[in-house]
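**Q** The primary structure of each chain is shown beneath.
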Amino acid sequence: QKEVEQNSGPLSVPEGAIASLNCTYSDRGSQSFFWYRQYSGKSPELIMFIYSNGDKEDGRFTAQLNKASQYVSLLIRDSQPSDSATYLCAVRASGTYKYIFGTGTRLKVLA
Amino acid sequence: GAVVSQHPSWVICKSGTSVKIECRSLDFQATTMFWYRQFPKQSLMLMATSNEGSKATYEQGVEKDKFLINHASLTLSTLTVTSAHPEDSSFYICSAPRDIQETQYFGPGTRLLVL
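Chains as they are written, first to last, in the numbering used here: chain E, 467 to 577; chain S, 902 to 1016.
No lab work stands behind these hints: they were computed from the structure.
One should not assume that every hint holds.
Claimed, not checked - With a cut-off of at most 27 Å between alpha-carbon atoms, the simulated DSSO-like pairs for lysine-lysine come out as follows:
| hint | chain 1 | residue 1 | chain 2 | residue 2 |
| --- | --- | --- | --- | --- |
| 1 | S | Lys921 | E | Lys508 |
| 2 | E | Lys508 | S | Lys915 |
| 3 | E | Lys533 | E | Lys468 |
| 4 | S | Lys942 | E | Lys468 |
| 5 | S | Lys956 | E | Lys468 |
| 6 | E | Lys574 | S | Lys942 |
| 7 | E | Lys564 | S | Lys967 |
| 8 | S | Lys921 | E | Lys564 |
| 9 | E | Lys564 | S | Lys965 |
| 10 | E | Lys533 | E | Lys564 |
| 11 | S | Lys942 | E | Lys508 |
| 12 | S | Lys967 | S | Lys942 |
| 13 | E | Lys468 | E | Lys564 |
Using the sequences provided together with the hints, build the complete structure.
**A** Take a look at the structure:
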């Protein structure tokens, strides 16, 4: 059973702080990793994808991938109240186009 | 802007009726689309993979006769919930892979309430 695990939270951080979200996966053959943000009552919105080990930065967001340890993380710098949402980690299953989603981490940014 | 649309965004129906949900890829062709269901405070659960011009592939535990999928063109997939019951009430979301990396983009979702 291929799995993606996330801490459900809530993770509370003060405005302006760095929020760190983590995700582990079980399928060693996975090559593609995604972070989605989902506001309550809305569908997921792609934030970032990462395919290679190391860091990938896009504005206030940095995705980190460590395939040897099978974890992916998302850092949000200068967190804003508007960043409050559930963050879903998704892993593309090896050999398919299917994504396996984690249960999501709820982030609360306190003003 | 949006790359995948869904219609309707909201539907309320009586138990026993059938409901059709449309998913369209905008400005790109999608030979594959995915249908998910999400219950409150739970994660996305993949229901089925919609394949243009062929039968859909259903995930284990999903009744193919209850959730009919038709992918008749390269930009449109439909999900029909047949003989809907209150336990089918959920948030249904489709996605389509786009770009060379096959990144999935989600539609805005359809909230179904069966009375």
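**Q** Could you grab the alpha-carbon distance between Lys508(E) and Lys915(S) and see if it respects the 27 Å cut-off?
**A** holds (24 Å)
**Q** Next pair to validate is Lys468(E) with Lys564(E); report whether the Cα-Cα distance is within 27 Å.
**A** holds (11 Å)
**Q** Do the alpha carbons of Lys921(S) and Lys508(E) lie within 27 Å of each other, as the hint requires?
**A** This hinted pair holds, its Cα atoms lying about 20 Å apart.
**Q** Take a quick look at whether Lys574(E) and Lys942(S) sit within 27 Å of each other, Cα to Cα.
**A** With Cα atoms ~15 Å apart, Lys574(E) and Lys942(S) stay inside 27 Å; holds.
**Q** So if I understand the rule, the pair passes when the alpha-carbon distance is 27 Å or less; does Lys533(E) with Lys468(E) pass?
**A** Distance of about 15 Å is within 27 Å: holds.
**Q** Is the straight-line distance between the alpha-carbon of Lys533(E) and that of Lys564(E) 27 Å or less?
**A** With a Cα-Cα distance of about 19 Å, the restraint between Lys533(E) and Lys564(E) holds, given a limit of 27 Å.
**Q** Does Lys942(S) sit within 27 Å of Lys967(S), going by the straight-line distance between their CA atoms?
**A** Holds: Lys967(S) and Lys942(S) sit about 24 Å apart, inside 27 Å.
**Q** Decide if the proposed pair is consistent with the structure: Lys942(S) and Lys508(E), CA atoms, cutoff 27 Å inclusive.
**A** holds (12 Å)
**Q** Holds or violated: are the alpha carbons of Lys956(S) and Lys468(E) at most 27 Å from each other?
**A** At roughly 24 Å apart (the allowed maximum being 27 Å), Lys468(E) and Lys956(S) satisfy the hint.
**Q** Below or equal to 27 Å on CA atoms is what counts here, so check Lys921(S) against Lys564(E).
**A** Measuring from Cα to Cα gives roughly 23 Å; hence the hint holds.
**Q** Would the pair Lys942(S) and Lys468(E) pass a check requiring their Cα atoms to be no farther apart than 27 Å?
**A** Holds, because 21 Å separates the two Cα atoms, which is no more than 27 Å.
**Q** Given the hinted pair Lys564(E) and Lys967(S), is their Cα-Cα distance within 27 Å?
**A** Roughly 22 Å separates the two Cα atoms, so the pair holds.
The structure is consistent with each of the numbered hints, conforming to all of them.
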